[in-house]
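Could you build the full structure based on these sequences and the hints that come with them?
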Amino acid sequence: MPEFFPEQFKPCLQGDRLYGRGSSEMKGGLMAMPFALLALKECGLELKGRITFSFVPDEESGVGFNIVPDRAFFTIDRRINPEESLAEAKKELMSLLDNYKKKGIEIEVKILQEGESSVSDTKAALASALKETVRDATEKIPRFELSPGLIEIRFFNKREIPGFAYGPGLLEVSHGAEEYVRVSDILNCAKIYSLRAARLLT
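Numbering (the working numbering), first residue to last: 949 to 1150.
Check before you lean on any hint, since a few could be wrong.
[To be verified] Derived pair list, reagent style BS3-like, types lysine-lysine, alpha-carbon separation capped at 30 Å:
{"no.": "1", "residue 1": "Lys1039", "residue 2": "Lys1049"}
{"no.": "2", "residue 1": "Lys975", "residue 2": "Lys1088"}
{"no.": "3", "residue 1": "Lys1038", "residue 2": "Lys1051"}
{"no.": "4", "residue 1": "Lys1079", "residue 2": "Lys989"}
{"no.": "5", "residue 1": "Lys1079", "residue 2": "Lys975"}
Bear in mind the hints are in silico, worked out from the structure with no lab data behind them.
Shown next, in the form of structure tokens:
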């Protein structure tokens, strides 16, 4: 957090920016969701389907830099592109580590998290609908990009259900010392969520 915001776990509003740990990734998006439902309710729309939210947590922590360790450890964060295979990427890394084991170095491997990469067809009907909704709500033409994160859309894609991630957060400030989300982006995101749901379910 910025030095003038010493309490990083308390939200602090400065103009249009809401500072706070996790504000950009992903609490801003979480706040946009109930606002979207509220907008749908106030419009009195009768939906022909159910809207379901899935909130998934994780833990992130660190250790003191001035502690002398009795052993060395490191983490490999290997991201998989859609055209790559998780099995092949693991095989490549394990082969590299095995070379060091053969030299007498004791290595213990623990996989903390893994997942296949996935991609949805940007020419699919859902993609066009999302693009149209964003354009109508913001008067800007959106573009699709690969996300560097391991997101839950992969579970839908595995079952051949197209899915796209959209939220108000900024990747460049996520998980950083000065993380923030723009309140105007949260409200715009809520508008997009509600408009997309209304068009899909009415």
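We went through each hint and held it up to the structure:
1. Lys1039 to Lys1049: Answer holds: Lys1039 to Lys1049 is near 15 Å, not above 30 Å.
2. Lys975 to Lys1088: holds, 24 Å
3. Lys1038 to Lys1051: holds, 21 Å
4. Lys1079 to Lys989: holds, 24 Å
5. Lys1079 to Lys975: OK: Lys1079 and Lys975 at ~23 Å, within 30 Å.
The structure fails none of the hints (numbered hints given earlier).
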